[in-house]
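Undergrad: Going down the list, the sequences are from chains A and B.
Mapping the first sequence onto our numbering, position 546 (from 1) lands on 546, and the numbers just tick up by one.
So our numbering is basically just the index in the second sequence, starting at one, shifted up by 600.
Since the hints were derived computationally from the structure, they do not count as laboratory data.
Where hints are given, some of them may not hold.
Said to hold, decoys possible - Which stretches of chain A does chain B cover? Using the computed rule of at least three CB atoms under 8 Å from a CB of chain B, they are:
id, segment
1, 113-126
2, 199-207
3, 244-250
4, 526-538
What the hints assert, rightly or not - Chain A side only, calculated, beta carbon under 8 Å to chain B, not exhaustive:
id, residue
5, Q62
6, M304
7, T356
8, L360
9, Q592
As the list claims (entries may be wrong) - Label pairs and their in silico Cβ distance ranges:
id, chain 1, residue 1, chain 2, residue 2, range
10, A, E524, B, A1182, 53 to 59 Å
11, A, D84, B, D1065, 42 to 48 Å
12, B, S768, A, D84, 49 to 55 Å
13, B, D1200, A, D572, 26 to 32 Å
14, B, A1182, A, E161, 42 to 48 Å
15, B, D1200, A, E427, 56 to 62 Å
16, B, K702, A, N480, 42 to 48 Å
17, A, D84, B, D624, 51 to 57 Å
18, B, P1199, A, E523, 30 to 36 Å
A virtual CB, placed ideally from N, CA and C, is assigned to each residue, including glycine.
Protein chains: 2
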Amino acid sequence: MTKLTLMTSGLALCAATMAMANDDLMTQMDNPAQWAIQTGDYANQRYSELDQINAENVGDLQVAWSFSTGVLRGHEGSPLVIGDMMYVHTPFPNTVYALDLKEEGKIVWRYEPKQDPDVIPVMCCDTVNRGVAYADGKIFLHQADTKVVALDAMTGEVKWEVMNGDASKGETNTATVMPVKDKIIVGISGGEFGVRGHVTAYNMETGEQEWRAWSMGPDEDILVDPENTTHLGEPVGENSGTNTWEGDQWMIGGGTTWGWYSYDPEADLIYYGTGNPSTWNPAQRPGDNRWSMTVMARDPDDGMAKWFYQMTPHDEWDYDGVNEMILTDQEMDGEVRKLLTHFDRNGLGYTMDRITGELLVAEKYDPAVNWTTGVDMDPESENYGRPAVVAEYSTEQNGEDVNSTGICPAALGSKDQQPAAYSPKTELFYVPTNHVCMDYEPFRVSYTAGQPYVGATLAMYPAPDSHGGMGNFIAWDNINGEIKWSLPEQFSVWSGALATAGDIVFYGTLEGYLKAVSAETGEELYRFKTPSGIIGNVMTYEQGGKQYIGILSGVGGWAGIGLAAGLTNPNDGLGAVGGYSALSDYTALGGQLTVFTLPD
Amino acid sequence: MTKLTLMTSGLALCAATMAMANDDLMTQMDNPAQWAIQTGDYANQRYSELDQINAENVGDLQVAWSFSTGVLRGHEGSPLVIGDMMYVHTPFPNTVYALDLKEEGKIVWRYEPKQDPDVIPVMCCDTVNRGVAYADGKIFLHQADTKVVALDAMTGEVKWEVMNGDASKGETNTATVMPVKDKIIVGISGGEFGVRGHVTAYNMETGEQEWRAWSMGPDEDILVDPENTTHLGEPVGENSGTNTWEGDQWMIGGGTTWGWYSYDPEADLIYYGTGNPSTWNPAQRPGDNRWSMTVMARDPDDGMAKWFYQMTPHDEWDYDGVNEMILTDQEMDGEVRKLLTHFDRNGLGYTMDRITGELLVAEKYDPAVNWTTGVDMDPESENYGRPAVVAEYSTEQNGEDVNSTGICPAALGSKDQQPAAYSPKTELFYVPTNHVCMDYEPFRVSYTAGQPYVGATLAMYPAPDSHGGMGNFIAWDNINGEIKWSLPEQFSVWSGALATAGDIVFYGTLEGYLKAVSAETGEELYRFKTPSGIIGNVMTYEQGGKQYIGILSGVGGWAGIGLAAGLTNPNDGLGAVGGYSALSDYTALGGQLTVFTLPD
Ligand SMILES: O=C(O)c1cc(C(=O)O)c2c(n1)C(=O)C(=O)c1cc(C(=O)O)[nH]c1-2
Ligand SMILES: O=C(O)c1cc(C(=O)O)c2c(n1)C(=O)C(=O)c1cc(C(=O)O)[nH]c1-2
């Protein structure tokens, strides 16, 4: 009896800490003076209530100060701001700086992990990292080598660390960490190395593993309840993670989880997407390859799946489904609905009911998309929810060792990791997009742990018969599935957008410009040439009564891999080098934070 | 006869090209819209006639655009501007960019030399380079590995290249190139590797070697006329480059030539200084060690020396004499004189007659200097021109394996490579200085080609009983040998100054601030935190009717070697690591150009 009582109160204590950690982070995120999470908030809206900088005065923006990170190559993600402290991370070797905003960025502490550089060649798409997370007085870093580290936010002292994967098998990390309640949620990269994807929850306080949900495999691996986990309203049934695979292919099946994570505290569900099935040669993996390319809704406490939706069954183009899920409450057909909007690599903008997983809208957000004629929206149809594939662009139907040409979008999708923003004022989504097509020739490849497992040769180029550029920055109406306006860009917009209450939207370009445009019309209001190409995400904060805009420069990522890794063969970098070769006329490698404000 | 005629007209043609090249560069330098040479002009004044940005409005300065060089570590020197093109260089691997100023720095061409990284460990004081030169439609780069390259200024095409030294023997380069008439003048580094210094002239058109003047050695090596080359008015006499050395020590005698070069077109003389004698252990090289630590005036056509002045005979502290010689025409005692002003590492500011080599003024430009009580200025004295050494701070007198403590300045001098500026309006010199002292313990060392040949252990620290900082930015009166005003700085000011007709002076700090101060009073008028510590030189130019200020950031150089090379042992980096360790609280490695202008 005594023992039992103790245990119970121990649990009660635990639950209290849980709730507190969670509440604290939510309070931090609600304070518009801060940028407390990479995604702006749990909903991934990347919207700020700050309006000191607005459509009227943004043209007067000035650089306030700048900070070199001491590391070159692709700088994704953004700084965080908690109180007067800013946290800046870097690509490999994933240095973290705590900067004192009261002293123009004086360095309070720096954390410099020692990582084996052998991890660099097993990172598919540059040595990027999408940033640190904050919760409960700690900074969480998920390193390239998959070490997860908790640092004291005030001192940088290591509180705990744990290895999430094994880089010698091609398991790496580029994603940020999402703190939820008393846990942190982390993903894994390696879809180009036959890694079987998973999402893992670690205890925020201790680093102990709480649960792991694989993207494919037996039901106990993928954490489904065959009766209650649904796909478009239907139970997924038993063995859904293995029965659309031939043999053991699911064991090297991909579906990695390197994108962005969302959380709905009310529904108590986390959302994310899974990546491409391995290999890129579809002939080697007959079947739908569930649950690659899938939106997943899970319970953060135990990882159990509530619903799935597979957007691209049996992928033939590397259209990873990992892009962010943006959670909004909007009126649709006269009813306020809890929506999830997702701009998939496959070129379709999906609007779903985030509680039930019902598919509401699926429309092309780039008119160039040609591999599909659209998604079957008829719930009665046996193809319900499936995109209709155009034979000419089917690399499966054209077969191995055949070069399928003119496929739009290219493998890096109509949008890749670069996150969109949403303004509740305009109810529009601001989406940085790619306007790129490709030739794709699959070939047979055999699996060796830790070796590339790609099996396709690609070439990329601007969408033909268009404006000649490789990107657009668009405003999207997710209720009607329509582009509201579209700004042509010479290169893909590989930077994440920010929308603000000042009726402006910010984004960066691969040439290195930070741009501000009208949220209403898209009219350009400001541009500034930062030191290097931008693939980071724009953030904002307030300090001493002034609003600031922060952006990391440092060209790289998949689009910039030619520059970042010094590659010149057009087919290298999984086909991206050729398409983006003109980037070297505009920018060189970098790694800088530029902070803007209005003149006094 | 026919042959002779042809040859003569060939020569005539050559002479014409010579004159043209020279005149063209002088015209380019005279145009204040450009920054045609690293030193601002042949006189090394670093003064600009531009006054759009001035003491009244400099407080409104804004960042116009920025450019990441794609290389980390110490960025010395500055960009050049010729017409609408800007030329930006980097530290090792010495990439050169041509940027189109009409298109906010679009990259017109880039030159990326392939250099053996083995040169890095034989560079004493970081992988710096003090910039490219322009003449005759060509950009001249002197690489770390001592390859001198001439590039077509419009296309970046290699016109010719030649090796000036041998890195396997410790011969490297960090200096810029000075084009004079039909030649380019280049130096050599390696005083810490027993390299015997020399200055070499190459034909601008062909790259052929025209002459080489060694710093020590037989008369035919050092290019003196024993009767007509003078030292403080007296002929140097025969064998002056060997007879103050014991045995063959002169063959590994140092006196390298890695500093700045000046030219007086009217007198047709070039000026530069030679570095420390090797080794740093004075007991191993009895004698005055001529012509180390010497100001040299030579004829650019054949290299013949007109006069020498050895500032620090038999160096005991590594006070290289390579700092810039600033040429001015100023009134002194009622007479306009052709002066040469030089702020030596040894802490003395020298004013000389640049035609005759007469010593006019030698005064301490940092009151902390304690190794000498001053220079004997009596022409009748047998010690004329010699500094009186204070026994307590004589590492020679204290002997080998004895730690001489509290010597001021430290080995990096009261000023190192960071060049001063001169304003003809105020007739003041604006000098970035070090306020650092040292402990110095010499020890016996033996020579192996290509291996460090230092022989001393050093520790550096801020000048005691002062303001606690390691630097001052001062205004100096070279006629009276007096400090006019002095601004304390936390770290050495390792950046070169710029004075302008706008009555302002610019300089950068190791923390990364660009500062503008009143030329008259030193009052701070503007500061901006650039991405990384500044050791580059401030430059200015005009484009499309607007004046711009440009500065390279990128912490490093000897002062920043701890950060740049990742060293933490306080005695490492030839003693500099400990003194400057607090730098890591302010800045991280970088490599960026920041360009400023006034708002429209
Ligand atoms: O399948 C994978 O595991 C995986 C990982 C990553 C990554 O970790 O960055 C990318 C991709 N795939 C990918 O397909 C892709 O387009 C991509 C772009 C980027 C980037 O940061 O620019 N990473 C990745
Ligand atoms: O004796 C030499 O050959 C030599 C070379 C160099 C160089 O090439 O940078 C420096 C020095 N010495 C030196 O003494 C010194 O203080 C120094 C500072 C720096 C710098 O760029 O910060 N270089 C050098």
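Undergrad: Compare the structure with each hint and give your call.
TA: We went through each hint and held it up to the structure:
Counting residues of the segment 113-126 of chain A whose CB lies closer than 8 Å to any CB of chain B gives 0, so the stated coverage by that chain is violated, three being the minimum. Counting residues of the segment 199-207 of chain A whose beta carbon lies closer than 8 Å to any beta carbon of chain B gives 0, which falls short of the minimum of three for the stated coverage. Here the segment 244-250 of chain A counts 0 residues with a CB under 8 Å from a CB of chain B, which misses the bar of 3, and the coverage is violated. With 5 residues bearing a CB less than 8 Å from a CB of chain B, the segment 526-538 of chain A meets the requirement of three and the coverage assertion stands.
With its C-beta approaching chain B no nearer than about 5 Å, Q62 (chain A) sits inside the 8 Å limit, and its interface hint holds. For the restraint placing M304 (chain A) at the interface with chain B, the shortest Cβ-Cβ distance is roughly 44 Å, beyond the 8 Å limit, so the hint is violated. The beta carbon of T356 (chain A) comes no nearer than 48 Å to any beta carbon in chain B, farther than 8 Å, and the hint placing it at the interface is violated. Taken as an interface hint, L360 (chain A) does not check out: its beta carbon lies about 44 Å from the nearest beta carbon of chain B, beyond 8 Å.
Given the 8 Å rule on beta carbons, the hint for Q592 (chain A) holds: about 5 Å separates it from the nearest Cβ of chain B. Separated by about 43 Å at the C-beta atoms, E524 (chain A) and A1182 (chain B) break the suggested range of 53 to 59 Å. Take D84 (chain A) and D1065 (chain B): their Cβ atoms lie about 35 Å apart, and the range 42 to 48 Å is violated. Taking 49 to 55 Å as the suggested C-beta distance range, the pair S768 (chain B) and D84 (chain A) conforms, at roughly 52 Å.
For D1200 (chain B) and D572 (chain A), the hinted distance range of 26 to 32 Å is not satisfied, since their beta carbons lie about 43 Å from each other. At about 29 Å, the beta-carbon gap between A1182 (chain B) and E161 (chain A) misses the expected band of 42 to 48 Å. Between D1200 (chain B) and E427 (chain A) the beta carbons are some 36 Å apart, a value that contradicts the proposed interval 56 to 62 Å. Here the CB-CB span from K702 (chain B) to N480 (chain A) is close to 43 Å, well matched to the stated 42 to 48 Å.
In this structure, D84 (chain A) and D624 (chain B) meet the distance hint of 51 to 57 Å, their C-beta atoms being roughly 55 Å apart. In this structure, P1199 (chain B) and E523 (chain A) break the distance hint of 30 to 36 Å, their C-beta atoms being roughly 21 Å apart.
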